[in-house]
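Q: Work the whole structure out from these sequences, hints included.
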Amino acid sequence: MSRYHGSSSAGRAIAVVADIMALILGLWILMYLLDANRGNDLVQFVHDAANLLAGWSRDLFTFDEAWARVVAGYGLAAVVYLFIGHAIAGRVGHR
1 MSRYHGSSSA GRAIAVVADI MALILGLWIL MYLLDANRGN DLVQFVHDAA
51 NLLAGWSRDL FTFDEAWARV VAGYGLAAVV YLFIGHAIAG RVGHR
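Counting from 1, one number per residue, gives the positions in the sequence shown under the working numbering.
Possibly wrong hints are sitting among the right ones.
[What the hints assert, rightly or not] Restraint ranges, calculated between C-beta atoms of paired labels, are given here:
| no. | residue 1 | residue 2 | range |
| --- | --- | --- | --- |
| 1 | Asn40 | Arg91 | 12 to 22 Å |
| 2 | Trp56 | Leu33 | 16 to 26 Å |
| 3 | Gly39 | Ser8 | 35 to 45 Å |
| 4 | Arg91 | Leu34 | 30 to 40 Å |
| 5 | Asp41 | Trp67 | 30 to 40 Å |
| 6 | Asp59 | Leu33 | 17 to 27 Å |
Note that these hints are calculated values from the structure, not bench results.
We put the CB at the ideal spot given by N, CA and C, even for glycine.
A: Written out as C-alpha cells, the structure is:
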C-alpha cells in the first residue's frame, strides 16, 4: 500500500526521488562525521552526489567547526528536498 493513499504514480515517483536525494545527503553527513575513508569508491560516489545536490547550500553557513558546516549545509538541502518533494507529491496526487 502506498504511503500516499490514492495518489498517482507520478506523485509516488516524486516522493521516492525526494527521499533518495535526502538519503544521499544524510549518508554523506554520516560518512563525514564518522570520518569515512575518502579513498573508497562508495564514499567518493556519495560525496560527489551530495556535492551536486547541495551545491546551493553547502557553503551557506560559516560556522567555525567544519562538522557544523557539513551538517547545516547538507542537512538543509536534505530537509528542503524532503519538504518540497513531498509537498509536490501530495499536490500531484490530489489533482
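Q: Which hint numbers does the structure go against, in order from smallest to largest?
A: 1 and 5
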